[in-house]
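Enquirer: Please arrange chain H on chain V, whose structure you already have, making use of the hints.
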Amino acid sequence: GAGVSQTPSNKVTEKGKYVELRCDPISGHTALYWYRQSLGQGPEFLIYFQGTGAADDSGLPNDRFFAVRPEGSVSTLKIQRTERGDSAVYLCASSLSLGEKLFFGSGTQLSVL
Amino acid sequence: GENVEQHPSTLSVQEGDSAVIKCTYSDSASNYFPWYKQELGKGPQLIIDIRSNVGEKKDQRIAVTLNKTAKHFSLHITETQPEDSAVYFCAASNEKLTFGTGTRLTIIP
Numbered sequence: 001g002a003g004v005s006q007t008p009s010n011k012v013t014e015k016g017k018y019v020e021l022r023c024d025p026i027s028g029h030t031a032l033y034w035y036r037q038s039l040g041q042g043p044e045f046l047i048y049f050q051g052t053g054a055a056d057d058s059g060l061p062n063d064r065f066f067a068v069r070p071e072g073s074v075s076t077l078k079i080q081r082t083e084r085g086d087s088a089v090y091l092c093a094s095s096l097s098l099g100e101k102l103f104f105g106s107g108t109q110l111s112v113l
Numbered sequence: 001g002e003n004v005e006q007h008p009s010t011l012s013v014q015e016g017d018s019a020v021i022k023c024t025y026s027d028s029a030s031n032y033f034p035w036y037k038q039e040l041g042k043g044p045q046l047i048i049d050i051r052s053n054v055g056e057k058k059d060q061r062i063a064v065t066l067n068k069t070a071k072h073f074s075l076h077i078t079e080t081q082p083e084d085s086a087v088y089f090c091a092a093s094n095e096k097l098t099f100g101t102g103t104r105l106t107i108i109p
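First to last, the protein sequences are chains V and H.
Under this note's numbering, the first residue of the first sequence is numbered 1, with each subsequent residue one higher.
Under this note's numbering, the first residue of the second sequence is numbered 1, with each subsequent residue one higher.
Bound-form chain V, shown alone (with noise of 0.2 angstroms):
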């Protein structure tokens, strides 16, 4: 079946503006989690979600970052007031239940100008 979708693959926008991250993951898993990525790091840590609910946001770098998953499939990650360090591949994972294997989208590359 199809893997972890992310959409766009590319989103430049200017420093101060708002932008929305879309996810749909894998049909049938419940987990859904978003990691940032900055050039030669690994992924950080931002939300995971179990079912709808945020289940840990602690990594989550500040109020300016939002996610939801409404209906506990497709989830949106929200960045107001974009700055230029929020620059990074934002990833997306699922698994079917908490503590199984995760598997990844391809990104998003956010660019703040």
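In case anyone wonders, no lab produced these hints; they're calculated from the structure.
Bear in mind that the values here come from a model prediction, so they are computed numbers and not experimental data.
To spell it out: a stretch of chain H is covered by chain V in this simulated footprint if at least three of its residues, at any positions, have a beta carbon under 8 angstroms from a beta carbon of chain V; those stretches are:
#, stretch
1, 44-55
2, 91-101
Dumping the calculated DMTMM-like pairs for lysine to aspartate or glutamate here, alpha-carbon to alpha-carbon at most 20 angstroms:
#, chain 1, residue 1, chain 2, residue 2
3, V, LYS17, V, ASP63
4, V, LYS15, V, ASP63
5, V, LYS101, V, ASP24
6, H, LYS42, V, ASP24
7, H, LYS37, V, GLU44
8, H, LYS71, H, GLU2
9, V, LYS101, V, ASP56
10, H, LYS42, V, GLU44
11, H, LYS58, V, GLU100
12, V, LYS101, H, GLU56
13, H, LYS37, V, GLU100
14, V, LYS15, V, GLU83
15, H, LYS57, V, GLU100
Note that CB positions come from ideal geometry on N, CA and C, so glycine has one too.
Expert: Relative to chain V, chain H alone:
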């Protein structure tokens, strides 16, 4: 929280030789240790994983070992091929994955 260290950061290996990447973790509660391969412009791809009740696991040319007492785990790739060239990440998990900083593996033909 969990802290994962990974070495080396870069590794060049002659085609056909073996490659070994090592990681350490800090949280004794971590019980799941996957390895991911990442190619340019793509997301990390799971290549092998091991759980804390097992000391070693092998899948064709790839093997992983885990020493829970020392909090070490390693990836071994034998008979390396040019297509093994990529960045490899280790990770440790209790509920969420914490990644190492990656190893850029280059296979020299």
